[in-house]
Amino acid sequence: MAPCSETCNETMAVAAVNVCIGQIAVADSSGLLRSVLGSCVGVALYHPHQRVGVLAHVVLPASEGRGGHPGRYANTAIPEALRLLDEHGADPGGVTAKIVGGANMFGNNGPLQIGQANIDAVTEALRRANISIAAQHTGESKGRRITLDCETGDLTVEVVGELPIKM
Amino acid sequence: MSQVRTPENVDLEVLHQLFASATHDASAAMCRWTNGLITLTLDEVRELPLEEVCAEFDFGSELLTMVVLSLEGDVGGDMILTFDDKNGRSLAAALLGRDVETCEQWTDLEKSALNETGNILGCAYMNALTRLISVELVPTPPYFIQDYGASVLQQALMAQAMTSDKVLICRTRFHREGEELNWNVFFVPTDSMRVAMVEALTVTP
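Just so you know, the sequences run in chain order A and B. Numbering-wise (this note's numbering), the first sequence opens with residue -5 and increments by one. Numbering-wise (this note's numbering), the second sequence opens with residue 196 and increments by one.
Heads up, a few of these hints could be off.
As the list claims (entries may be wrong) - On the chain B side, residues computed to face chain A include the following (Cβ under 7 Å):
no., residue
1, A215
2, L243
3, L245
4, D253
5, S256
6, Y343
7, S346
8, V347
9, Q350
The set of hints was computed from the structure by calculation and includes no laboratory data. Keep in mind it's a predicted model, so treat the numbers as computed, not measured. Ideal Cβ positions, reconstructed from N, Cα and C, are used throughout, including at glycine.
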């Protein structure tokens, strides 16, 4: 799947690749990967020695037998992200994870809390893959824009009205 | 080249008729609310893969001012009224008969004017849908939100994404004295709503 490119802003030295809903993208040390998240969860996997990163934009907790893009579901996105890292020479054993998103954008308290379900499913999928979560910025009711810098592994989280966080 | 009439695009044609009628009602309500200043036209009813939505509707990382109304229940959906900040404040000022506010934060009065606009549009759409599908629709109170447009649209798409690989979106545009404005209304029905709408409009032999 080809992620759509986006022109970088003035503060960025290189163009960021926008990882749209349900997509997964991989980049080496010269790359920036970006997503805008609401109830979806962004999973950033990074190999610090190989300097290769993957960003998955997970939409739903489980595929339950459905096809489609593997990036769409937590249970298929994590194996696919690891496969992409392996394909780029990064040993999955040395990978760390950061997860962001899973907001409840409309602030309601109904029975369907898809944001939290996504966070739980991603956490479980990472546990099954023996990948520890190094940092997370999840829940609440605001959107987030994230940028993974594959040179450093830093994940920048921007929330409207707040200062950016680097984690 | 003529388009092949598949069951899917026949459904879309049917839904287009429905939304055109609902938009007509909403436009009349909006025209009354703004003393004839603003009208609406149905732009498109589209079904597309989930992965393509943000790019196709130009929902990048732009910050938007939005009013969201949800229809609760299985036969439901979400309506999102979107503006860029400048246009949202311009509408609020016009409705309030004041100059555009210059302070960074929106005042409660400005938010209230936009919420009321959402309410009026939402009720016009809901009344048109209720007449058609004979199901009582209960909208939530309008919810004012300033955030990334893509973040809000994601949440609205969830109900469809859980059951379908494609999502249906209706987009309406606004005009001020014939000139198109950078305002939109997106309506994202649940699958059950979509089925109810198509069944109501499909004539069986």
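Which hints from the list above does the structure break, by number from lowest to highest? 1, 2 and 4
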